[in-house]
Amino acid sequence: MKQFLAFVRKEFYHVLRDRRTLLILFGMPIAQILIFGFALTNEVKDSEILVVDYAKDNASQELLTRIGASRYFNIRQAALSHKEILGTFQKGKIKAVVVFPVNFNEDLLHHNKAQVQIITDASDVNTANMITNYLSSIIMDYQNQVNQNLEIPYRITPEVRMLYNPQLKGAHGFVPGVMALVLLLVSVMMTAISIVREKETGTMEILLVSPFKPVLVIFAKAFPYLALSLVNVTAILLLSVFVLDLPVKGSVALLFAESTLFIITCLALGIFISIETDSQQIAMLISLMGMLLPTMMFSGFLFPIENMPLPLQIISNIVPSKWFYIIVKSIMIKGLGISALWKETLILLGMTVFLLLVSLKSFKIRLQ
Amino acid sequence: MEAVVVKNLVKTYGKEQTVAVDNVSFSVEQGELFGLIGPDGAGKTSIFRMLTTSLLPDGGSASVDGHDIVQDFRRIRSSVGYMPGKFSLYQDLTIEENLHFFATVFGTTIEENYHLIKDIYVQIEPFKNRRAGKLSGGMKQKLALCCALIHKPTTLFLDEPTTGVDPVSRKEFWEMLRRLKEQRITILVSTPYMDEASLCDRIALIQGGKILSIDTPQNIVNAYPDKLLAIKANEMYKLLKVLESHPGVINSYAFGEYAHATFHDTDTHALQAYLRGHGLTGVEVKGAEVTIEDTFIKLLH
Numbered sequence: 001m002k003q004f005l006a007f008v009r010k011e012f013y014h015v016l017r018d019r020r021t022l023l024i025l026f027g028m029p030i031a032q033i034l035i036f037g038f039a040l041t042n043e044v045k046d047s048e049i050l051v052v053d054y055a056k057d058n059a060s061q062e063l064l065t066r067i068g069a070s071r072y073f074n075i076r077q078a079a080l081s082h083k084e085i086l087g088t089f090q091k092g093k094i095k096a097v098v099v100f101p102v103n104f105n106e107d108l109l110h111h112n113k114a115q116v117q118i119i120t121d122a123s124d125v126n127t128a129n130m131i132t133n134y135l136s137s138i139i140m141d142y143q144n145q146v147n148q149n150l151e152i153p154y155r156i157t158p159e160v161r162m163l164y165n166p167q168l169k170g171a172h173g174f175v176p177g178v179m180a181l182v183l184l185l186v187s188v189m190m191t192a193i194s195i196v197r198e199k200e201t202g203t204m205e206i207l208l209v210s211p212f213k214p215v216l217v218i219f220a221k222a223f224p225y226l227a228l229s230l231v232n233v234t235a236i237l238l239l240s241v242f243v244l245d246l247p248v249k250g251s252v253a254l255l256f257a258e259s260t261l262f263i264i265t266c267l268a269l270g271i272f273i274s275i276e277t278d279s280q281q282i283a284m285l286i287s288l289m290g291m292l293l294p295t296m297m298f299s300g301f302l303f304p305i306e307n308m309p310l311p312l313q314i315i316s317n318i319v320p321s322k323w324f325y326i327i328v329k330s331i332m333i334k335g336l337g338i339s340a341l342w343k344e345t346l347i348l349l350g351m352t353v354f355l356l357l358v359s360l361k362s363f364k365i366r367l368q
Numbered sequence: 001m002e003a004v005v006v007k008n009l010v011k012t013y014g015k016e017q018t019v020a021v022d023n024v025s026f027s028v029e030q031g032e033l034f035g036l037i038g039p040d041g042a043g044k045t046s047i048f049r050m051l052t053t054s055l056l057p058d059g060g061s062a063s064v065d066g067h068d069i070v071q072d073f074r075r076i077r078s079s080v081g082y083m084p085g086k087f088s089l090y091q092d093l094t095i096e097e098n099l100h101f102f103a104t105v106f107g108t109t110i111e112e113n114y115h116l117i118k119d120i121y122v123q124i125e126p127f128k129n130r131r132a133g134k135l136s137g138g139m140k141q142k143l144a145l146c147c148a149l150i151h152k153p154t155t156l157f158l159d160e161p162t163t164g165v166d167p168v169s170r171k172e173f174w175e176m177l178r179r180l181k182e183q184r185i186t187i188l189v190s191t192p193y194m195d196e197a198s199l200c201d202r203i204a205l206i207q208g209g210k211i212l213s214i215d216t217p218q219n220i221v222n223a224y225p226d227k228l229l230a231i232k233a234n235e236m237y238k239l240l241k242v243l244e245s246h247p248g249v250i251n252s253y254a255f256g257e258y259a260h261a262t263f264h265d266t267d268t269h270a271l272q273a274y275l276r277g278h279g280l281t282g283v284e285v286k287g288a289e290v291t292i293e294d295t296f297i298k299l300l301h
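In the order they appear, the protein sequences are chains L and B.
Take the first sequence: its position 35, counted from the start at 1, is 35 in full-length UniProt numbering, and no numbers get skipped.
Take the second sequence: its position 127, counted from the start at 1, is 127 in full-length UniProt numbering, and no numbers get skipped.
Isolated chain L (complex conformation) (with noise of 0.2 Å):
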């Protein structure tokens, strides 16, 4: 025990003492929540939208305060011919472009029929989409306010509900999936390093020349970095609940204990990864191009399994993030407890135990 714990502690004051270390444990994870948060989110904000009004009556008047109203756009009115129109997209500012033809109010209450013209920059597909869409709805919900005391016979009206996360915040998505990359990345590339350095620098060498079992290595080698990606678990969801404004609607005991369950897992791939490599730039490739990309494409936080061909998704299920990315959004979002999440739980914990084996079978305990 004594043993044990005079290697944790070295183990500390090689990583309080790396600033480089200290800073890739540290600043990666605050960095990643906010580059995601504020930098590179889907959702359309402050959208530059120009209206051409040529009506200027009260329909297109109201409609405009609706649209204004909306977070989503910031409006500027201008005249301008069809030509000019063109222009203003190949400055690249202007979204959309909305076109209130002249008689609008006439044609719509006496024809019971009008046009908008609604103009979007496709060469961005998704938010022009969301562009029209958002458009288009608050278009229907002025047309059905004027309707109101009509009745239209055979009218369906779709009640949606945005279960989870009404407001469409994109914080939800984003949140588990960088949780799940930072926890990787962080403890599998620094075990990985740890253990591989003490190769590359000799130390090793005594170690092997010394009563230390190999079991004693490996779980000392694993425990401060497991305490510290815990400190990074909190540092992430205080980030999340004070300034991104995600509650965590779940069991947080639930989501910590999660969190350590998954931290294991990857500690345990970082020191299978560490056992059978021999340089620390080797371990760090293979850390991050072995499990940055597959965490990325695999777990379903940037890229839908379900849209995947089958092969792909088959092969996502042999990716830890995937199942700690479900976890995670199942506990934080829609405040799931463990009865929901067991089957994910016990393959995780499969994943550890395996590795966990390789790794103990593998441990040299002689050099090569």
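Hints are not guaranteed to be accurate.
Label pairs and their in silico Cβ distance ranges [unchecked claim]:
1) B:Glu2 with L:Thr260: 47 to 55 Å
2) B:Gly60 with L:Leu312: 33 to 41 Å
3) B:Gln123 with L:Val243: 50 to 58 Å
Result set (SDA-like, lysine to any residue): computed pairs, CA atoms no more than 20 Å apart in a straight line [as the list claims (entries may be wrong)]:
4) L:Lys2 with B:Glu96
5) L:Lys45 with L:Tyr134
6) L:Lys2 with B:Ser79
A partial selection of chain B residues facing chain L, derived with a Cβ cut-off under 8 Å [unchecked claim]:
7) Thr52
8) Thr53
9) Arg77
10) Lys86
11) Ser88
12) Asp92
13) Gly107
14) Trp174
Because the hints were derived from the structure by calculation, they are not lab data.
Ideal Cβ placement from N, Cα and C applies to all residues, glycine included.
Add chain B to chain L, keeping to what the hints say.
Frame of chain L, contents of chain B only:
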């Protein structure tokens, strides 16, 4: 009692089966200071690694303190002290932290065995809060020796402890080893420096994975079969060339400011005449005291 017994040890590397250690046998008495003397690549480090159980031999057997290096490797690991050739302590830990770590790893404390390291440790103690990576070469070696000694090992393996260390520190280091001998600790030390060989009780000259000779330094020197001459002339380069082409020469090579040479016929007057006849000036020929290096060169030819 024999502390280390090595029998026909073989080590090969890679697919090409490059032989690093070729059928090496020797034994070291308990409390002896035994030197493995040989140039880089002679196989010294491989032998040390096999004896400290961090490498498996490809043939032969060996034991340390009666424990087999393959079967009983755990017992050896907790009883010997090992100082690798490359400085292998934690550079980002201070002197004191390194020492404390290694003491704890071996299940002991600094206080318990302080008497063993005291002579050495007092020299680096003023810097005990300095990180190991910031120490000079000599101080690093002293710290490494302290760390290898802190658990009171029965046998100490020092792999090229003085390589890259200044002459004064080298001298000090050997004095420390002599004092450790008084503690009845068996010491195996390897070095490429021939002048250090005479400080050992017994030495093994090793080259290309083979042991050329094992004996006390004095006996090895005494066993030199020829009369060794030290020769000097104003034109050193030319002198070496002329010596090489001398019909009766056995061996000739530069040795400091002199050239050392042995001949089938050791008539110094004839030799002087021969050298002058070849246009050399300032010729001086005298008998030379045989050193380990001369023996080594002799054995290589």
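Find the hints from earlier in the document that the structure breaks and name them by number, from lowest to highest. Checked against the structure, the hints that fail are numbers 2, 14, while the rest are satisfied.
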